[in-house]
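Participant: Given these sequences and hints, build the entire structure.
As you go down the protein sequences, you meet chains A and B in turn. All residue numbers for the first sequence refer to the UniProt record's numbering, where the first residue is 1 and numbers rise by one. All residue numbers for the second sequence refer to the UniProt record's numbering, where the first residue is 1 and numbers rise by one.
Hints are not guaranteed to be accurate.
To be verified - Below 30 angstroms or equal to it, Euclidean Cα-Cα: the simulated DSSO-like pairs (lysine-lysine) are: (1) B:Lys271 with A:Lys4; (2) A:Lys265 with B:Lys200; (3) B:Lys362 with B:Lys299; (4) B:Lys200 with A:Lys376; (5) A:Lys4 with B:Lys200; (6) B:Lys247 with A:Lys336; (7) A:Lys4 with B:Lys247; (8) A:Lys373 with B:Lys271; (9) B:Lys423 with B:Lys364; (10) A:Lys282 with A:Lys336; (11) B:Lys299 with A:Lys4; (12) A:Lys215 with A:Lys346; (13) B:Lys408 with B:Lys253; (14) A:Lys82 with A:Lys57; (15) B:Lys352 with B:Lys63; (16) A:Lys522 with B:Lys149; (17) B:Lys253 with A:Lys202; (18) B:Lys255 with A:Lys82; (19) B:Lys271 with A:Lys522; (20) A:Lys27 with B:Lys10; (21) B:Lys299 with B:Lys255; (22) A:Lys215 with A:Lys288; (23) A:Lys336 with B:Lys271; (24) B:Lys139 with B:Lys114; (25) A:Lys265 with A:Lys235; (26) B:Lys139 with B:Lys390; (27) A:Lys57 with B:Lys129; (28) B:Lys114 with A:Lys4; (29) A:Lys96 with B:Lys114; (30) B:Lys200 with A:Lys279; (31) B:Lys63 with A:Lys522; (32) B:Lys271 with B:Lys255; (33) B:Lys139 with B:Lys352; (34) A:Lys376 with B:Lys271; (35) A:Lys96 with B:Lys129; (36) B:Lys423 with A:Lys202; (37) B:Lys114 with A:Lys522; (38) A:Lys522 with B:Lys423.
In short, the hints are calculated from the structure, not lab data. These numbers come from a predicted model, not from an experiment.
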Amino acid sequence: MANKQNKYDRQLRLWGDHGQWCLENSKICLVNVTATGTETLKNLILPGIGSFVIVDKSRVNGEDAGSNFFLDPNAIGESKAKVATNLLLELNPEVKGEYIEEDVANILETNPHFFLSFTVVIACNLYGETLQKLAALFWCNNIPFVTCKSFGFIGYLRLVIPEHCIIESHPDNSHEDLRLDCPFEELCAYADTIDLDAMDKKDHSHTPYVIILYKYLMEWKKAHSGAMPKTWKEKKEFKKLVMSGIRKNADGVPEDEENFDEAVKQVNSALVPSCVPEKVQKIFNDPKCLQLTEESTDFWMMVGGLRQFVSNSENGLLPLRGSLPDMFSDSDKYIKLQNIYQGKAKQDMEAVTGHISQVCTKSGCGNGKISEKDIKRFCRNAHFLRVVRTRSLQSEYESPSKSIMDSLTSDEISDAVWYVLLRAVERFQSTNGRLPGMNNAEWESDVNRLKNCLYDLLKSWDIPGAVEAISDDFLQEMCRCGSSEIHSVASYMGGVTSHEVVKLITAQYIPICNSYIYNGYKSTSVTIDI
Amino acid sequence: MLQGLDYCLKMEVDNVVSTVREPLNWSGRWNHIQKVLERSGPFAHPDFEPSPDILGFLLNNCKLLVIGAGGLGCELLKNLTLTGFRHIDVIDMDTIDLSNLNRQFLFRQNDIGKAKATVASDFINNRVKGAEVVPHFCKIQDYDASFYKQFHIVVCGLDSIVARRWINGMLISLLEYDEDGNLDQTSVIPMVDGGTEGFKGNARIILPGLSACMECTLDLYPPQVNFPMCTIAHTPRQPEHCVEYVKVFGWEKEKPFGDAPIDGDNPEHIKWICGSACERAEQFGIQGVTYRLTQGVIKRIIPAVASTNAVIAAACSTEVFKLASSCGAPMNNYMVFNDADGVYTYTFEAEKSETCVACSQKPKTIHFKPTSQLRELIEFLCQDSMLQMKSPGITTTVNGNSKTLFMKSIPSIERATRPNLSKSLADLGLSSGQELIVADVTTPNSLIFILKLSDQCSAET
Ligand SMILES: [Zn+2]
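Facilitator: Structure below.
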């Protein structure tokens, strides 16, 4: 156990023991052994997923052995799934792996239930009807499905997830939850015991900025019939007021008081009004929250309880986060203040717990099955809750999304154009039974064939004119690359894909919505909602 | 204008062995990359001429240096050997630790304690037929220009800024200029550099003398911020402050393991520090001192995951492949990556600085008052965001004689020159226009500064 803690130390600092637990209990399926696929699995096996299964019927050929680190040239002619599984298993003795030498279309036909036990399924280089059928199966069963490929210098990744709920989205820069605009009773009671003027010099310069801002806000509000500083001008004036509190020495020169400097610096962020963020409000109005049933998941039960907490509270706010950033202060005052914030957070959390058990009882979904630890984590992250829903693959193929249409009709061509080209390649494949640029004799004449496919595709989207906007250069590059897997491009996509899969497994951090295109020509990329 | 597009790595065409040596090349082995190497493409470098010779050049002639055999290095070696490079040297001074195994995929449990460079090379040479990776279990500073000169491209997967700056300085020192000051392009060795920190990373190309170098963009690498001493000593508020206290004061005072200095890899040491930090935390009512946190503070651990590492190393490898073959234009020239919220990249052109101390070929002028102490000048060299030196040693010439003003690295000289620190520049005999020769760990070659003395100026450039 201690061994495992050390081995996984560098990642535990990012997703914690509970994230690791999710990982170790996950079961991943890879359909088709490509370099992109095995690189993805490699990056999932190393951090310690529970197990994986590889599905591929084909045999190792010279071409694949040349670009895939997990296919051995000595095994040319043997099962790809078997060779890759064995080499991948060497990476981490904690991970179990199996392979199935069967065609995915065949399994779909004879035993679709096989797929339903997986946490996430990843498919590489899958096209046409099989792709659609597989995606539809997972869509109905709410299993996250990931499809990816690398094509020459271009990489493509698509997440197909009906619903993904995130408690810990780990925002990079969030506002602190200090409630200086609507201080709670305990904060007021403590701050009111403090008299800045009566303090000695040392105490005065070691009082946390939260207290300083509280005091001067009180003074401001008194002079402004209860209103907070709102405009830029008022905030500037308020900063002046705070600065006027800095002690002066006998000669009238202001002393160095770091806590006051900090207070002035924090004015703008501390004056951002406390509120329920728009994204959380949207989650409250989600039908899944409004109609809780005995089928509802823990996440939605907690959201239901949280919603009730907010609507019952006086100020209509979320439970207090309870964390206090580090600030210039002596230990004593800081710890006291910290305890006050933590105490209030605990009180709020207990109230939320009560509401959760109420909504649980009302919806008939039993009681007490959500642990205190989970509720605590939920409350601490209440400001950052996220629900991600992508389009289904079926709907993507029925009609292009607005964002892809916009990108095609805008003046500047974005990397989204590569998505359109990959769709044209798919058409090429279904009409010609092979990919463009596969063989040297035909690669140049394939450019025109691919152009026809592109035209047909855009016509089906009712924008045949857009074909003019896509220069032949793009078509020529597609045919030049001829579906080759340049290992470094495959490895890039393996990195990105595995990372998104880790997000899905741990339900931490925010996955892309819903497609990602990598352009290895320029080392740029774009995320598009397709 | 795309910086560096006028640059093109020239194959020594006469030497290219275009008949690819057989048994190592089973049928179809290089099919994937041959398509882009042997077919013309509009997005290739303007000088690109598709030919089977290019693969021959990659396989038989092109020499790469990979610096670092850790998270990025393992990935780089795999990517590069699978895209046709065979002759690769790899330098790393580290040995394998258990905590590497979550991402450094060439290492296994029973490799712990062995040299990273050696184990990584052996693994790659075994797995990728024909690969001839040569390990160097040492520091980059152990080699001089004659070693670095032999490579076509240098790829860095380092976690140290100082090491990056050093190799950057080394590659700049290899540049050759003609009498008119024109750069000889054949002396340019491109540096492809990657770095990661948790879910963030960056990849960049440096064409020494042609595009922005490490020092041109030093403000992209802000120095690490330390906790103020008075917080640690008197007003701790966070668990980290308590750990830092034990590290700075407790260890020396209590000497729990005799004279042994703190070893972040020794669990007994960490346990002791954690225990003492807990005691201090309890005194102040601070919560949250744990073993993991203690180790994080003591070793200054930066989180790392397999996925982000793979992405950055791959982005670097693709650039090496394009640079060496010209089958695609190089990126221009700096990519920032973050995959915490979605997957985000931003690629921009870092600009070459006309006043760069390393690559502008112009000595930098620094302004001080004659009454300024030498100490202030040294502080400036360390704290200026575009210099960020670590412990500069300064020599100059006074009345035709070479004089060492201060040097920390050699104890006897340090003792002899220490009194100079509190002397004024005027008292040290320095005059305006004086050339100062500054040596530091951040550069393999000394830098020349021109000292300007005047009463009005404070320490500004
Ligand atoms: Zn420079």
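Participant: None of the hints should be skipped; say for each whether it holds.
Facilitator: We went through each hint and held it up to the structure:
| no. | hint | result |
| --- | --- | --- |
| 1 | B:Lys271 with A:Lys4 | holds, 17 angstroms |
| 2 | A:Lys265 with B:Lys200 | holds, 27 angstroms |
| 3 | B:Lys362 with B:Lys299 | violated, 39 angstroms |
| 4 | B:Lys200 with A:Lys376 | holds, 28 angstroms |
| 5 | A:Lys4 with B:Lys200 | holds, 24 angstroms |
| 6 | B:Lys247 with A:Lys336 | holds, 26 angstroms |
| 7 | A:Lys4 with B:Lys247 | holds, 26 angstroms |
| 8 | A:Lys373 with B:Lys271 | holds, 27 angstroms |
| 9 | B:Lys423 with B:Lys364 | holds, 23 angstroms |
| 10 | A:Lys282 with A:Lys336 | violated, 36 angstroms |
| 11 | B:Lys299 with A:Lys4 | holds, 19 angstroms |
| 12 | A:Lys215 with A:Lys346 | holds, 25 angstroms |
| 13 | B:Lys408 with B:Lys253 | holds, 26 angstroms |
| 14 | A:Lys82 with A:Lys57 | holds, 10 angstroms |
| 15 | B:Lys352 with B:Lys63 | holds, 27 angstroms |
| 16 | A:Lys522 with B:Lys149 | holds, 28 angstroms |
| 17 | B:Lys253 with A:Lys202 | holds, 28 angstroms |
| 18 | B:Lys255 with A:Lys82 | violated, 56 angstroms |
| 19 | B:Lys271 with A:Lys522 | violated, 48 angstroms |
| 20 | A:Lys27 with B:Lys10 | violated, 49 angstroms |
| 21 | B:Lys299 with B:Lys255 | holds, 19 angstroms |
| 22 | A:Lys215 with A:Lys288 | violated, 43 angstroms |
| 23 | A:Lys336 with B:Lys271 | holds, 28 angstroms |
| 24 | B:Lys139 with B:Lys114 | holds, 16 angstroms |
| 25 | A:Lys265 with A:Lys235 | holds, 11 angstroms |
| 26 | B:Lys139 with B:Lys390 | holds, 18 angstroms |
| 27 | A:Lys57 with B:Lys129 | holds, 26 angstroms |
| 28 | B:Lys114 with A:Lys4 | holds, 20 angstroms |
| 29 | A:Lys96 with B:Lys114 | holds, 27 angstroms |
| 30 | B:Lys200 with A:Lys279 | holds, 25 angstroms |
| 31 | B:Lys63 with A:Lys522 | holds, 24 angstroms |
| 32 | B:Lys271 with B:Lys255 | holds, 14 angstroms |
| 33 | B:Lys139 with B:Lys352 | holds, 28 angstroms |
| 34 | A:Lys376 with B:Lys271 | holds, 29 angstroms |
| 35 | A:Lys96 with B:Lys129 | holds, 28 angstroms |
| 36 | B:Lys423 with A:Lys202 | violated, 35 angstroms |
| 37 | B:Lys114 with A:Lys522 | violated, 38 angstroms |
| 38 | A:Lys522 with B:Lys423 | violated, 54 angstroms |
Hints 3, 10, 18, 19, 20, 22, 36, 37 and 38 from the earlier list are contradicted by this structure; the remaining hints agree with it.
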